[in-house]
Amino acid sequence: MNIPKISIEISRKSAKEFCDFYGDDKLSDESLVLSITDTVQDALNDIEFPASEIKTTLTDD
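Numbered by the working numbering, the letters in the sequence shown go through residues 883 to 943 in order.
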(Lines of atoms letter the chains of each structure in order from A; the text may use other names.)
(Lines give C-alpha, C1' and ligand atoms only; values in the text may rest on other atoms or scores of the structure.)
Protein backbone atom coordinates (compact mmCIF):
# COMPACT_ATOMS: atom_id res chain seq x y z
CA MET A 883 0.00 0.00 0.00
CA ASN A 884 1.42 3.37 -1.02
CA ILE A 885 0.85 5.90 1.77
CA PRO A 886 0.90 9.55 0.65
CA LYS A 887 2.95 12.15 2.48
CA ILE A 888 1.27 15.33 3.67
CA SER A 889 3.17 18.60 4.18
CA ILE A 890 1.60 21.57 5.93
CA GLU A 891 3.21 24.99 6.31
CA ILE A 892 1.32 27.33 8.62
CA SER A 893 2.15 30.37 10.75
CA ARG A 894 2.05 29.97 14.53
CA LYS A 895 -0.77 32.52 14.78
CA SER A 896 -2.86 30.71 12.17
CA ALA A 897 -2.11 27.35 13.78
CA LYS A 898 -3.37 28.64 17.14
CA GLU A 899 -6.53 29.95 15.48
CA PHE A 900 -6.99 26.71 13.52
CA CYS A 901 -6.69 24.68 16.73
CA ASP A 902 -8.84 27.10 18.77
CA PHE A 903 -5.94 27.98 21.09
CA TYR A 904 -6.64 31.72 21.14
CA GLY A 905 -4.61 33.66 23.68
CA ASP A 906 -2.52 30.73 24.86
CA ASP A 907 0.92 32.29 24.51
CA LYS A 908 2.65 29.49 26.43
CA LEU A 909 1.50 26.77 24.06
CA SER A 910 4.52 24.90 22.72
CA ASP A 911 5.19 24.37 19.03
CA GLU A 912 5.12 20.64 19.68
CA SER A 913 1.57 20.88 21.07
CA LEU A 914 0.45 22.82 18.01
CA VAL A 915 2.01 20.32 15.62
CA LEU A 916 0.40 17.39 17.48
CA SER A 917 -2.99 19.09 17.40
CA ILE A 918 -2.73 19.79 13.66
CA THR A 919 -1.64 16.19 13.03
CA ASP A 920 -4.65 14.90 14.98
CA THR A 921 -6.97 17.20 13.03
CA VAL A 922 -5.56 16.01 9.70
CA GLN A 923 -5.95 12.37 10.74
CA ASP A 924 -9.57 13.07 11.74
CA ALA A 925 -10.22 14.83 8.44
CA LEU A 926 -8.89 11.80 6.59
CA ASN A 927 -11.29 9.74 8.70
CA ASP A 928 -8.52 7.25 9.25
CA ILE A 929 -6.81 7.15 12.62
CA GLU A 930 -4.54 4.46 11.20
CA PHE A 931 -2.93 7.02 8.87
CA PRO A 932 0.61 7.24 10.25
CA ALA A 933 1.44 10.55 11.89
CA SER A 934 5.00 10.10 10.63
CA GLU A 935 3.70 10.81 7.11
CA ILE A 936 2.30 14.22 8.15
CA LYS A 937 4.95 16.94 8.30
CA THR A 938 3.87 20.25 9.80
CA THR A 939 6.15 23.27 9.66
CA LEU A 940 5.38 26.33 11.77
CA THR A 941 6.53 29.66 10.40
CA ASP A 942 7.02 32.98 12.15
CA ASP A 943 3.94 35.15 12.35
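None of these hints come from the bench; they were simulated from the model. These numbers come from a predicted model, not from an experiment. Careful, some of the hints might be misleading.
Unchecked claim - Here are the simulated DSSO-like pairs of lysine-lysine, each with C-alpha atoms no more than 27 angstroms apart in a straight line: (1) K937 to K895; (2) K898 to K887; (3) K908 to K937; (4) K908 to K898; (5) K887 to K937; (6) K908 to K895.
Said to hold, decoys possible - Cβ-Cβ distance ranges computed for the label pairs, FRET-style: (7) S910 to N884: 28 to 38 angstroms; (8) N884 to D942: 13 to 23 angstroms; (9) N884 to D943: 28 to 38 angstroms; (10) S913 to I888: 30 to 40 angstroms; (11) A925 to N884: 32 to 42 angstroms; (12) N884 to K908: 20 to 30 angstroms; (13) K908 to T941: 13 to 23 angstroms; (14) D943 to I888: 33 to 43 angstroms; (15) S889 to S913: 13 to 23 angstroms; (16) D924 to S896: 33 to 43 angstroms.
Each residue gets a CB set at the ideal place from its N, CA and C atoms; glycine is no exception.
Hints and how they fare:
1. K937 to K895: holds, 18 angstroms
2. K898 to K887: OK: K898 and K887 at ~23 angstroms, within 27 angstroms.
3. K908 to K937: holds, 22 angstroms
4. K908 to K898: Roughly 11 angstroms separates the two Cα atoms, so the pair holds.
5. K887 to K937: Since the Cα atoms of K887 and K937 sit roughly 8 angstroms apart, the hinted pair holds (cutoff 27 angstroms).
6. K908 to K895: holds, 13 angstroms
7. S910 to N884: 28 to 38 angstroms: Taking Cβ atoms as reference, S910 and N884 lie about 33 angstroms apart, which means the hint holds.
8. N884 to D942: 13 to 23 angstroms: Violated, since N884 and D942 (Cβ atoms, about 34 angstroms apart) do not stay within the stated range.
9. N884 to D943: 28 to 38 angstroms: Holds - the Cβ-Cβ distance for N884 and D943, about 36 angstroms, lies within 28 to 38 angstroms.
10. S913 to I888: 30 to 40 angstroms: violated, 19 angstroms
11. A925 to N884: 32 to 42 angstroms: Once the Cβ atoms are compared, 20 angstroms apart, the range 32 to 42 angstroms for N884 and A925 is violated.
12. N884 to K908: 20 to 30 angstroms: Given a distance of about 40 angstroms, which is not inside 20 to 30 angstroms, the answer is violated.
13. K908 to T941: 13 to 23 angstroms: holds, 19 angstroms
14. D943 to I888: 33 to 43 angstroms: violated, 23 angstroms
15. S889 to S913: 13 to 23 angstroms: This hint holds: roughly 20 angstroms between Cβ atoms.
16. D924 to S896: 33 to 43 angstroms: Distance hint for D924, S896 is violated at roughly 18 angstroms.
Of the numbered hints given earlier, the model fails hints 8, 10, 11, 12, 14, 16; all others are met.
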